[in-house]
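From first to last, the protein sequence lines stand for chains P and A.
Plus 37 on top of the position in the first sequence (first one is 1) and you've got the working numbering.
Plus 2 on top of the position in the second sequence (first one is 1) and you've got the working numbering.
One or more hints might be untrue.
Each pair of labels, with its calculated beta carbon distance range [to be verified]:
1) 74/P <-> 176/A: 47 to 55 Å
2) 218/P <-> 98/A: 40 to 48 Å
3) 78/P <-> 98/A: 24 to 32 Å
4) 122/P <-> 102/A: 24 to 32 Å
5) 279/A <-> 218/P: 32 to 40 Å
6) 102/A <-> 66/P: 52 to 60 Å
7) 246/P <-> 98/A: 38 to 46 Å
8) 6/A <-> 66/P: 37 to 45 Å
9) 102/A <-> 218/P: 51 to 59 Å
10) 176/A <-> 66/P: 50 to 58 Å
11) 266/A <-> 66/P: 19 to 27 Å
12) 234/P <-> 279/A: 39 to 47 Å
Some, not all, of what chain P presents toward chain A, calculated at C-beta under 8 Å [claimed, not checked]:
13) 122
14) 126
15) 131
16) 132
17) 140
18) 155
19) 159
20) 199
Calculated from the structure, these hints are not laboratory results.
Cβ coordinates follow ideal geometry from the N, Cα and C atoms, glycine included.
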Amino acid sequence: MSASPANPPLQNSAKGALLLELRNVGKRFGATDVLKNISLNIASGEFLTLLGESGSGKTTLLRLIAGFERPSSGEIWMGGRRLDCQPPYKRPVNTVFQNYALFPHLNARDNVAYGLRVKSTPASEITGRVEEALSMVKMRGFAASRPSQLSGGQQQRIALARTLVNHPQLLLLDEPLSALDANLRKQMQSELKALQRQIGITFLFVTHDQEEAMALSDRIALLRDGALEQVASPREVYARPATAYTAQFIGQTNLLRGEVRGCMATCGALRWPVDEADGPVIFSLRPEAIRLAADGKRQTNEVKFRGAIRQQLYGGSSELLEVDCGNDQTLRIRIPACGPLTGEHDFVFSMSDAIRVQE
Amino acid sequence: MYSRTYKSLVSIPPLLWVGVFLLLPYTLMFAHSLWAVRDGVMVHQWNWDNYKTLFSNPLYAEVLLRTMRIAGSVTVCSLLLGYPLAYYLAFQVGARKELQYQLVVVPLWVSYLVRGYAWKTILGSDGVLNGFLQYLHLTHEPVGFFLYSPFAVVLMLTHIYTPFVFLPIYAALEHIPRPLIEASQDLGASSWQTFWRVILPLSMPGLLAGATFAFVLSLGDFLAPLLVGGPSGTMIANVVQSLFGAAFDWPLGAAISVGILVITISLLFLSEFLEKQWAFK
Chain P
38 MSASPANPPL
48 QNSAKGALLL
58 ELRNVGKRFG
68 ATDVLKNISL
78 NIASGEFLTL
88 LGESGSGKTT
98 LLRLIAGFER
108 PSSGEIWMGG
118 RRLDCQPPYK
128 RPVNTVFQNY
138 ALFPHLNARD
148 NVAYGLRVKS
158 TPASEITGRV
168 EEALSMVKMR
178 GFAASRPSQL
188 SGGQQQRIAL
198 ARTLVNHPQL
208 LLLDEPLSAL
218 DANLRKQMQS
228 ELKALQRQIG
238 ITFLFVTHDQ
248 EEAMALSDRI
258 ALLRDGALEQ
268 VASPREVYAR
278 PATAYTAQFI
288 GQTNLLRGEV
298 RGCMATCGAL
308 RWPVDEADGP
318 VIFSLRPEAI
328 RLAADGKRQT
338 NEVKFRGAIR
348 QQLYGGSSEL
358 LEVDCGNDQT
368 LRIRIPACGP
378 LTGEHDFVFS
388 MSDAIRVQE
Chain A
3 MYSRTYKSLV
13 SIPPLLWVGV
23 FLLLPYTLMF
33 AHSLWAVRDG
43 VMVHQWNWDN
53 YKTLFSNPLY
63 AEVLLRTMRI
73 AGSVTVCSLL
83 LGYPLAYYLA
93 FQVGARKELQ
103 YQLVVVPLWV
113 SYLVRGYAWK
123 TILGSDGVLN
133 GFLQYLHLTH
143 EPVGFFLYSP
153 FAVVLMLTHI
163 YTPFVFLPIY
173 AALEHIPRPL
183 IEASQDLGAS
193 SWQTFWRVIL
203 PLSMPGLLAG
213 ATFAFVLSLG
223 DFLAPLLVGG
233 PSGTMIANVV
243 QSLFGAAFDW
253 PLGAAISVGI
263 LVITISLLFL
273 SEFLEKQWAF
283 K
């Protein structure tokens, strides 16, 4: 057996340095390409989220890194060593599984100690590190409980402690919060984020929940049908979606389809000057970028249009309007709560908020 | 809620079954064990003499001990065959799983007697095995101890009971969630460590059930020793059979049967207790 760095010290590489590198990774099951030519770098200390619908290949990508599957093409590198040729038990990577996968025949303490025991860590060291990991997830009082005696959230914490105790360089989390109810989920999200900041381990987090991805991540890698759609910070993905798919998947948006002719964009009833070449275009315009026009005056960089309110959905602090602008064009508009509206109104949006996206 | 009449009606068949086929025979057996035979006639005279004979005559203890040894050997041998087989089918086989499973189970459909005679044919002095050994010039005359020995009994019973051991172990292995095995690997355990620390403990209920099957069924077997056992391979059930037959000493035979029943029931309780100890969920 090669000398695997089973217990590297925490933060052994500088924050921000390249930790994991996926080079043109592909995975094929039978005739289906589940992952197509994925190239992605993960920096040390980063919280990167793989976001995608079910079947987009995000879990498969995680399993390739953990070693439960072999890539059909491409390479995975970590800290100057090739990872994809190694069996899972030799990789300096740990996984938090979707349904926790705690060992039912071991109590919480023995579950946490498992990784240290199989690597023949001295018993004196195990005790200390297990206690440390248990207190990190606030579960010291449950050390003697069997998994069946713990609630979902508590099992989740033990699963987390079981990986953290090994001081992995990279922690893989496969939809770890999806089995929890909504309130607990929110609470665990913020604890997870705080824990990741505190211990500085690199997190690769898989989820299909775009809100969760936005709230937790340093960067989001959006997967669509096995290919990377966009990799950027949550703010950038939201403000500058590269494609129509990204714009619709992350938050709500209005997709304006039209064309540019002579530096003038025409999308249904809306027209405004743009700095684009002639041809068909799609713009993404977020509902909150549109507002009610104040008494006819408008700035030079604003587009004004008139529309009839078809539907008004009250949402507490805001209202979601569905507005018919003619030409079979309906826009969704989010405005601060203002009481019931009816009939036709003038609306404006800033030209810079209409983001050109690819199909 | 079901009516009281309905409840009592549906409970009649099982109660009848238990009464006629279990309680009544056991009561009769126990009653017989307390009677005696005088001048070739059974007399209904209540006494404990049969049990005294059982404990004072070393012959019975010797046969019982041999029976236990044979049953123990069968258990160990069928576990050593059945567990790897179940492991292989549960974890290693891909596409042909169903077929291989059927191949393991199919011998159960073949009559016990036919399989016994088959072993006679294989192990006998002019049997297949001796013929083969002589053909290879490994031996020059037939090897005698193959047939009519405890070895032959263990071999035949192992062959017959391995599928019984295989089935519960296979079921237990199939029920181990696969993420647990991945989690073990992920935490740094090699295949061997995963087997000892996760798979074996979690398959323990199946293993215990299989071992109980093999031991208890072997304990009461009388056909295998009859067919391939010979005088040195006689087991306790053969003694019971001869007491009920040629020897015409039903009371003593019944007393031995009660003894075997007590051993069997204690084993079943022990096995159930242990299985509960190892059941997690």
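Here is how each hint holds up against the structure:
1. Between residue 74/P and residue 176/A the beta carbon distance is about 37 Å. The supplied range of 47 to 55 Å is therefore violated.
2. Evaluation of the 40 to 48 Å hint for residue 218/P and residue 98/A yields a pass: the beta carbon distance comes to about 43 Å.
3. At about 42 Å, the beta-carbon gap between residue 78/P and residue 98/A misses the expected band of 24 to 32 Å.
4. The given range of 24 to 32 Å is respected by residue 122/P and residue 102/A, whose C-beta atoms sit roughly 31 Å from each other.
5. Range check, residue 279/A to residue 218/P: about 33 Å between beta-carbon atoms, so the 32 to 40 Å window is met.
6. Between residue 102/A and residue 66/P the beta carbons are some 23 Å apart, a value that contradicts the proposed interval 52 to 60 Å.
7. Look at residue 246/P against residue 98/A: about 40 Å separates their beta carbons, and that is inside 38 to 46 Å.
8. Taken as a hint, the range 37 to 45 Å is violated for the pair residue 6/A and residue 66/P, whose Cβ atoms sit roughly 59 Å apart.
9. Between residue 102/A and residue 218/P the beta carbons are some 43 Å apart, a value that contradicts the proposed interval 51 to 59 Å.
10. With their beta carbons about 23 Å apart, residue 176/A and residue 66/P fall outside the hinted range of 50 to 58 Å.
11. Distance hint check: the CB atoms of residue 266/A and residue 66/P are about 51 Å apart, inconsistent with the given range 19 to 27 Å.
12. A beta carbon spacing of about 44 Å between residue 234/P and residue 279/A agrees with the range 39 to 47 Å that was offered as a hint.
13. The criterion of a C-beta within 8 Å of any C-beta in chain A is not met by residue 122/P, whose closest approach is roughly 15 Å, and the hint is violated.
14. Among the interface hints, the one on residue 126/P holds; its C-beta lies about 5 Å from the nearest C-beta in chain A, closer than the 8 Å criterion.
15. Taking 8 Å as the C-beta contact cut-off toward chain A, the hint placing residue 131/P at the interface holds, the least distance being around 6 Å.
16. For residue 132/P, the interface hint holds, the least distance from its beta-carbon to any beta-carbon of chain A being 5 Å, beneath 8 Å.
17. Evaluation of the residue 140/P hint against chain A yields a held restraint, the C-beta minimum of about 6 Å falling below 8 Å.
18. Checking residue 155/P against chain A by beta carbon gives a least distance of about 4 Å; that is within 8 Å, so the hint holds.
19. Checking residue 159/P against chain A: minimum C-beta separation of about 16 Å lies over 8 Å; hint violated.
20. This hint holds: residue 199/P has a C-beta 7 Å from the nearest C-beta of chain A, less than the 8 Å allowed.
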